Amino acid sequence: MARIVFDLPPHFGFATELQIYISHVNQGGHLDNAQLLTLVSEARVRFFQSLGYPEADVGGLSIVVGDIVAQYKSEGFHGETMRVEMAPADFNRYGFDLVFCMTEKTSGREVARGKIGIVFIGKADRKVALIPDSIRQLLLARAGAPGSPAVPERVSSPST
415 MARIVFDLPP HFGFATELQI YISHVNQGGH LDNAQLLTLV SEARVRFFQS
465 LGYPEADVGG LSIVVGDIVA QYKSEGFHGE TMRVEMAPAD FNRYGFDLVF
515 CMTEKTSGRE VARGKIGIVF IGKADRKVAL IPDSIRQLLL ARAGAPGSPA
565 VPERVSSPST
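Taking our numbering, the leading residue of the sequence shown gets 415, the next gets one more, and so forth.
Since the hints were made in silico from the structure, they are not lab data. This one's a predicted model, so the numbers in the text were calculated from it and none came from an experiment. Just to be clear, a hint being listed does not mean it is correct.
[To be verified] Each computed DMTMM-like pair below joins lysine to aspartate or glutamate, with the alpha-carbon atoms no more than 25 Å apart: (1) K537 to E494; (2) K537 to E456; (3) K519 to D471; (4) K537 to D481; (5) K541 to E489; (6) K487 to D547; (7) K537 to D504; (8) K541 to D446; (9) K537 to E524; (10) K537 to D471; (11) K519 to E456; (12) K537 to E489; (13) K541 to E494; (14) K537 to E518; (15) K537 to E469; (16) K519 to E489; (17) K541 to D511; (18) K487 to D539; (19) K541 to D504; (20) K519 to D547.
Full structure from sequences and hints, please.
Structure (structure tokens):
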């Protein structure tokens, strides 16, 4: 079976920290795959909050997740703090991909990476809508362009 191969951007414009709780751990003793999505969803909410918007009203529109891709790089365990970095990428007229990288805070060990396909929709009609230019500009500022003072460089993590 072919494995997902997913490259990360060299820079990220947003980071947040989340702890792995016991409810996030499966019978194997590590981060459950469904709970990975829960943690990434929380980070996504925080990403939009950092832009000054709740997900239900981003420039007068709502957002929905069209797809998600995740690739595990190592196990995550109860009590560990995850640093989740995010950067918008691959823009189109109606949305973009929100690329993420999750690492264990203390060691820098990469736990997972992936991307979330974000689509903008009208709040009233629930139909696909164009990204407002003001929102596109905010997202581009967070897209991780090298040399931007508002965008911290991603610290390299050891391979697993």
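Against the structure, the hints come out as follows:
1. K537 to E494: 37 Å, violated
2. K537 to E456: Holds, at roughly 21 Å.
3. K519 to D471: Since the Cα atoms of K519 and D471 sit roughly 31 Å apart, the hinted pair is violated (cutoff 25 Å).
4. K537 to D481: 20 Å, holds
5. K541 to E489: Since the Cα atoms of K541 and E489 sit roughly 38 Å apart, the hinted pair is violated (cutoff 25 Å).
6. K487 to D547: Distance ~36 Å between K487 and D547 Cα, so the pair is violated.
7. K537 to D504: Between K537 and D504 the Cα gap is close to 24 Å, so the pair holds against 25 Å.
8. K541 to D446: Not satisfied, since the Cα-Cα distance of roughly 33 Å exceeds 25 Å.
9. K537 to E524: 37 Å, violated
10. K537 to D471: 8 Å, holds
11. K519 to E456: Judged against 25 Å, a Cα distance of about 17 Å means the pair holds.
12. K537 to E489: With a Cα-Cα distance of about 38 Å, the restraint between K537 and E489 is violated, given a limit of 25 Å.
13. K541 to E494: 40 Å, violated
14. K537 to E518: The hint is violated at about 37 Å.
15. K537 to E469: This hinted pair holds, its Cα atoms lying about 11 Å apart.
16. K519 to E489: Measuring from Cα to Cα gives roughly 13 Å; hence the hint holds.
17. K541 to D511: 19 Å, holds
18. K487 to D539: 40 Å, violated
19. K541 to D504: 21 Å, holds
20. K519 to D547: 35 Å, violated
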